[in-house]
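As given, the protein sequences belong to chains V and D, one line each in that order.
Using the numbering used here, you'd call the opening residue of the first sequence number 1 and step up by one each time.
Using the numbering used here, you'd call the opening residue of the second sequence number 1 and step up by one each time.
Treat the hints as calculated values from the structure; they're not laboratory data.
We put the beta carbon where it would ideally sit given N, CA and C, even for glycine.
Take these hints with a grain of salt, some might be off.
Straight-line Cα separation of at most 27 angstroms, DSSO-like style, residue types lysine-lysine; simulated pairs [said to hold, decoys possible]:
1. K85/D with K146/V
2. K85/D with K320/V
3. K320/V with K300/D
4. K247/D with K132/D
5. K92/D with K146/V
6. K247/D with K140/D
7. K247/D with K320/V
8. K16/D with K146/V
9. K320/V with K327/D
10. K320/V with K7/D
11. K290/D with K271/D
12. K247/D with K300/D
A short list of chain D residues far from chain V (calculated; beta carbon distances all over 10 angstroms) [as the list claims (entries may be wrong)]:
13. D29
14. G69
15. R91
16. S122
17. Q259
18. K301
19. M312
20. L325
Here are the chains, one letter per residue:
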Amino acid sequence: MYSYFIRRFLLMIPTFIGITFLCFTVTRFVPGGPVEQAVLRYQQAMANTSEGGGGTSDSAMEQGQISEEMMQQLKAIYGFDKPFYIAYLHWLWRVLHFDLGTSDTYSRPVWDLIKEKFPISIIFGLTGFTLSYLICIPLGVWKAVKHGSAFDTGSSVMVFIAYSIPGWTAGVLLLMLLGGNAFLDIVPSGGKESGYITEKSKLSMFLQQGALAVDLPAEIRSQYPKLRDNQQISANHPAFAHVPSEKRFQLKTGGHADLNFVGRLLDSMWHMILPVFCYVLGMFASKTVLMKNSLMENLGQDYVRTAFAKGLSERTVIFKHALRNSLIPIATGLGHMLSIILAGSYLIEKVFNINGFGLLGYESLIARDYPVTLGILVIGSMLKLFGNIMSDVLYCIIDPRIRFS
Amino acid sequence: MANELLKVKNLKTYFKTEAGIAKAVDGVDFDILPGEVLGIVGESGSGKSVTSLSIMQLIPNPPGEIVEGNIIFEGTDLLEAYRRKDYDVIRKIRGNKISMIFQEPMTSLNPVFTIGDQVAESLVHHKGMTPKEARDYAVKMLELVGIPSARERIDEYPHQFSGGMRQRVMIAMALSCDPSLLIADEPTTALDVTIQAQILELMLEVKAKTSNAAILLITHDMAVIAETCHRVVVMYCGRIQEIADVKTIFHSPQHPYTQGLLASLPKPGQKVRRLSTIEGMVPSLFNLPKGCSFCTRCSKKHEPCENVPPEMVETAPGHFVRCHLAKPMQSV
Chain V
1 MYSYFIRRFL
11 LMIPTFIGIT
21 FLCFTVTRFV
31 PGGPVEQAVL
41 RYQQAMANTS
51 EGGGGTSDSA
61 MEQGQISEEM
71 MQQLKAIYGF
81 DKPFYIAYLH
91 WLWRVLHFDL
101 GTSDTYSRPV
111 WDLIKEKFPI
121 SIIFGLTGFT
131 LSYLICIPLG
141 VWKAVKHGSA
151 FDTGSSVMVF
161 IAYSIPGWTA
171 GVLLLMLLGG
181 NAFLDIVPSG
191 GKESGYITEK
201 SKLSMFLQQG
211 ALAVDLPAEI
221 RSQYPKLRDN
231 QQISANHPAF
241 AHVPSEKRFQ
251 LKTGGHADLN
261 FVGRLLDSMW
271 HMILPVFCYV
281 LGMFASKTVL
291 MKNSLMENLG
301 QDYVRTAFAK
311 GLSERTVIFK
321 HALRNSLIPI
331 ATGLGHMLSI
341 ILAGSYLIEK
351 VFNINGFGLL
361 GYESLIARDY
371 PVTLGILVIG
381 SMLKLFGNIM
391 SDVLYCIIDP
401 RIRFS
Chain D
1 MANELLKVKN
11 LKTYFKTEAG
21 IAKAVDGVDF
31 DILPGEVLGI
41 VGESGSGKSV
51 TSLSIMQLIP
61 NPPGEIVEGN
71 IIFEGTDLLE
81 AYRRKDYDVI
91 RKIRGNKISM
101 IFQEPMTSLN
111 PVFTIGDQVA
121 ESLVHHKGMT
131 PKEARDYAVK
141 MLELVGIPSA
151 RERIDEYPHQ
161 FSGGMRQRVM
171 IAMALSCDPS
181 LLIADEPTTA
191 LDVTIQAQIL
201 ELMLEVKAKT
211 SNAAILLITH
221 DMAVIAETCH
231 RVVVMYCGRI
241 QEIADVKTIF
251 HSPQHPYTQG
261 LLASLPKPGQ
271 KVRRLSTIEG
281 MVPSLFNLPK
291 GCSFCTRCSK
301 KHEPCENVPP
311 EMVETAPGHF
321 VRCHLAKPMQ
331 SV
C-alpha cells in the first residue's frame with residue numbers, strides 16, 4: 001500500500017512536466033503574446049506623439065516600424081529569444097528553485113503575488129464549499145428518504161434551475177438586481193470589504209474612536225511621515241495610543257480598517273454573501289443529486305434489508321448503515337477541494353471584483369502576462385495532482401474494501 | 001393445536017405494478033410449532049420468499065403491500081399492529097424473537113462495518129448488552145458457527161470472508177438473540193454445492209445448541225427438504241397446494257404438482273436417460289387461470305379444474321391438499 005502511494009508520488013513528476021511543457025509551448029506560439037503587445041503599445045504611442053507633436057521623425061518611425069535590433073531586445077526582455085525547449089528548461093530550472101519569475105504587468109515576483117492573493121480566494125471558496133456540503137448532504141438525504149414526495153419533486157425543480165445556471169451568471173444577475181443598479185440596494189457591488197463608509201451606512205455604528213493626525217505628539221508623528229495633517233486615524237492605528245484622550249472623538253465616516261472587530265466581521269460577511277452564494281450554486285445541483293442517488297442506491301441493497309431484519313429503527317438503518325456507504329463517493333471529492341475552489345474562482349472573482357487568485361489568473365490571461373499564467377498553472381496543477389492522491393488516501397480511510405497495491 | 005408458535009391466516013400480499021396487481025401471495029394459511037423445521041418449497045415466483053418477507057414485514061412498500069390476513073406470533077397479531085401502523089411491535093420482534101437469513105451472503109452484510117460490529121449490533125439493541133459484553137458474546141457465537149480464530153477475525157470486514165463464511169456469520173447474527181423462529185430464505189442457493197450441506201447441518205446443529213428455534217426453511221430443492229424438514233408446505237402461484245409431514249410428501253403425494261416435483265428428482269440406483277419435467281411454464285401472476293392455478297400444466301386435468309378453484313381438503317390427519325381429485329378423509 002505504501003509502495004502504491006510512493007509510486008503515485010513519483011508519477012506526479014512526468015505528469016507535471018507534461019502539463020507545464022504543453023502549456024509553456026502554447027504560450028510561445030500563440031499570436032498576441034507579450035512581444036506583440038509591447039510592439040502594439042509602442043506603435044500606439046508613436047501614433048499619438050506624431051499626431052500631437054506634428055513630428056518630424058523619419059518615415060519608418062512614423063509608420064510605427066520597429067527596427068530588427070529593437071525587436072531582438074524586446075524578445076530578450078520577455079525571454080522569447082531562445083528556442084522554446086531551451087526556454088522551457090530554463091523556466092523549469094527556476095521553478096525547481098521556487099522562482100516563478102517576475103510579472104510583466106505588476107513588476108513583482110509571481111510568488112509574492114500568488115501568496116498575497118491565494119488566501120483571499122481560499123476564504124471565499126472554502127466558505128462556499130463547506131456551506132454547499134452542509135446544505136447538499138442533508139438535502140440529498142432528505143430527498144432520498146422522501147423519494148417521490150412533493151418535497152422531493154419541489155426541490156428537484158430547484159436542482160434543475162441551479163444546474164442550468166452557472167454560478168457566475170447568477171452572480172451577474174443578482175448583482176444587477178440587489179447591488180443597487182436596478183432594483184434593490186442591499187448588497188455591495190463587489191470587492192471584499194467596504195472602501196468608504198458614509199454616515200448613512202448601517203456599518204458606521206461600528207466605527208471606532210479616531211483622531212486627526214495633526215493631534216499626534218510630534219515625535220510620534222515623525223515616525224509616520226506619510227500621514228497628512230487632516231488625515232483621520234482610528235484606534236486600529238499603532239500611533240493612536242499616543243493621542244491625548246481629549247483630542248479623541250467618535251468617527252462618523254471611515255474605511256473598513258476603522259471598524260471595530262464586529263464591524264469588520266460583518267462588513268466582510270456582507271461582501272461575501274453573493275460570491276459565496278454563487279460558489280454554493282455552482283456545486284449545489286450535482287452534489288445534491290449525487291448524494292440522493294448514492295443513498296437511494298444503497299437503500300436498495302441487501303444489507304439494508306439485513307439491518308431492518310435485525311429490528312433496527314428506520315433512523316438507524318438509514319443514518320448508520322446506508323448513509324455511511326453512500327457518503328463514500330461524496331467524501332472522496334474532498335481531495336479535490338482546493339482545485340475545485342480555484343477553478344470556480346476565475347469567473348466569480350471577476351464578476352464580484354474580488355482581488356484573489358482567480359482574478360489574478362483571469363487578468364494575466366487577458367494581459368498575456370505569461371509568468372503569472374504559468375505560475376498559476378504550476379500551483380493549480382500541483383494542487384490537482386496532490387488532490388488525486390488525497391482522494392485515494394480518503395478512499396482507503398473510509399472504505400475498508402479499497403486497498404491499493 | 002393450540003400451542004403453535006406462529007400462525008399465518010389468509011395472508012395476502014399484492015404488488016401493485018403498472019401492468020396490474022400481482023397477487024404474489026394470495027390467501028396462505030399454515031402454522032409452525034415450536035422447535036420444528038417447516039419447509040416451504042416451490043418454483044421461482046411461487047410466493048415462498050414473499051411469504052417469509054411478509055412475516056418479517058420486510059416487503060418493499062411501494063410496490064408491495066400486505067393487504068389481508070393475520071400473522072399470530074406467540075399470541076400477538078403482528079399484522080393487526082401493522083395495520084394500526086404500530087411498527088414498534090414488529091421492530092421488537094425482528095432480529096430478536098424472529099430472525100432471518102437471506103439468500104445472498106455476499107451482499108447481505110454491510111461492507112463498511114466489521115463482522116464483530118454487525119453481530120454485536122442486535123445484541124446491544126435487543127438484549128441491552130454493553131458493547132464490550134456484546135463483543136465477547138459475538139466471539140462466542142462466531143466460534144459456535146465454526147469460524148476459525150474468531151477472536152482475531154471479528155475485526156475483519158465482510159469482503160475478507162468467503163461466501164460460506166459470510167453465511168456462517170449471518171447464522172451467528174440471526175441466532176445470537178436466541179430467537180424462537182428462524183426464517184431461512186434459500187440460505188444455501190448462492191453457495192458452492194460442497195458448502196451447502198455444511199451450512200444446513202450447521203443451522204440445525206446451532207439451533208439445537210441454542211434456543212432450539214423453530215426454522216422456516218424456504219427452498220426450491222426437494223433434497224434439502226428431505227434432509228432437514230419435519231413438515232413441508234408446497235406452494236404454487238401464491239397459494240399453498242399441499243401440506244404434509246415430510247414422509248407423507250415423499251411417499252404419498254396427493255397433488256399432481258407435488259408428484260411432478262418429486263418425479264423430476266433423480267433417484268439413486270435407477271438408470272434413466274433423462275429426468276422427467278413438468279411440462280409448460282408457470283403462468284403469469286397477472287393472468288392466472290380462473291380455476292386451479294396448476295390446471296395449465298396438470299396431466300390429470302378434468303372438467304371443473306379450469307373454472308372452479310379447488311378448496312383445501314384434509315385427506316389424512318395433518319395432510320391438506322388443494323385439488324379436485326383429493327378425497328377428504330372419512331370422518332369417524
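Does K85/D pair with K146/V here, judged by a C-alpha cut-off of 27 angstroms? holds, 18 angstroms
K320/V and K327/D were given as a pair; does the straight-line alpha-carbon distance stay at or below 27 angstroms? This hinted pair is violated, its Cα atoms lying about 55 angstroms apart.
Does the no-contact call for K301/D survive, Cβ to all of chain V over 10 angstroms? Correct as stated: the minimum Cβ-Cβ distance to chain V is 39 angstroms, above 10 angstroms.
For the pair supplied as a hint, K320/V and K300/D, is the alpha-carbon distance within the 27 angstroms limit? violated, 55 angstroms
Given hint K271/D paired with K290/D - CA-CA distance at most 27 angstroms: violated, 39 angstroms
Hey, K16/D versus K146/V, does the alpha-carbon distance stay inside 27 angstroms? Distance ~19 angstroms between K16/D and K146/V Cα, so the pair holds.
Checking one constraint from the list: CA of K85/D to CA of K320/V, max 27 angstroms. Satisfied? holds, 24 angstroms
Taking the shortest Cβ-to-Cβ distance between R91/D and chain V, state whether it exceeds 10 angstroms. At roughly 5 angstroms from the nearest Cβ of chain V, R91/D sits no farther out than 10 angstroms, so the non-interface label is violated.
Holds or violated: are the alpha carbons of K247/D and K140/D at most 27 angstroms from each other? violated, 36 angstroms
If we take the beta carbon of S122/D, is the closest beta carbon in chain V still more than 10 angstroms away? violated, 4 angstroms
Would you say M312/D is clear of chain V, with no C-beta pair closer than or equal to 10 angstroms? Correct as stated: the minimum Cβ-Cβ distance to chain V is 30 angstroms, above 10 angstroms.
According to the definition I'm using, a residue is off the interface if its beta carbon is farther than 10 angstroms from all beta carbons of the partner; does D29/D meet that for chain V? holds, 24 angstroms
Hints 3, 4, 6, 7, 9, 10, 11, 15 and 16 from the earlier list are contradicted by this structure; the remaining hints agree with it.
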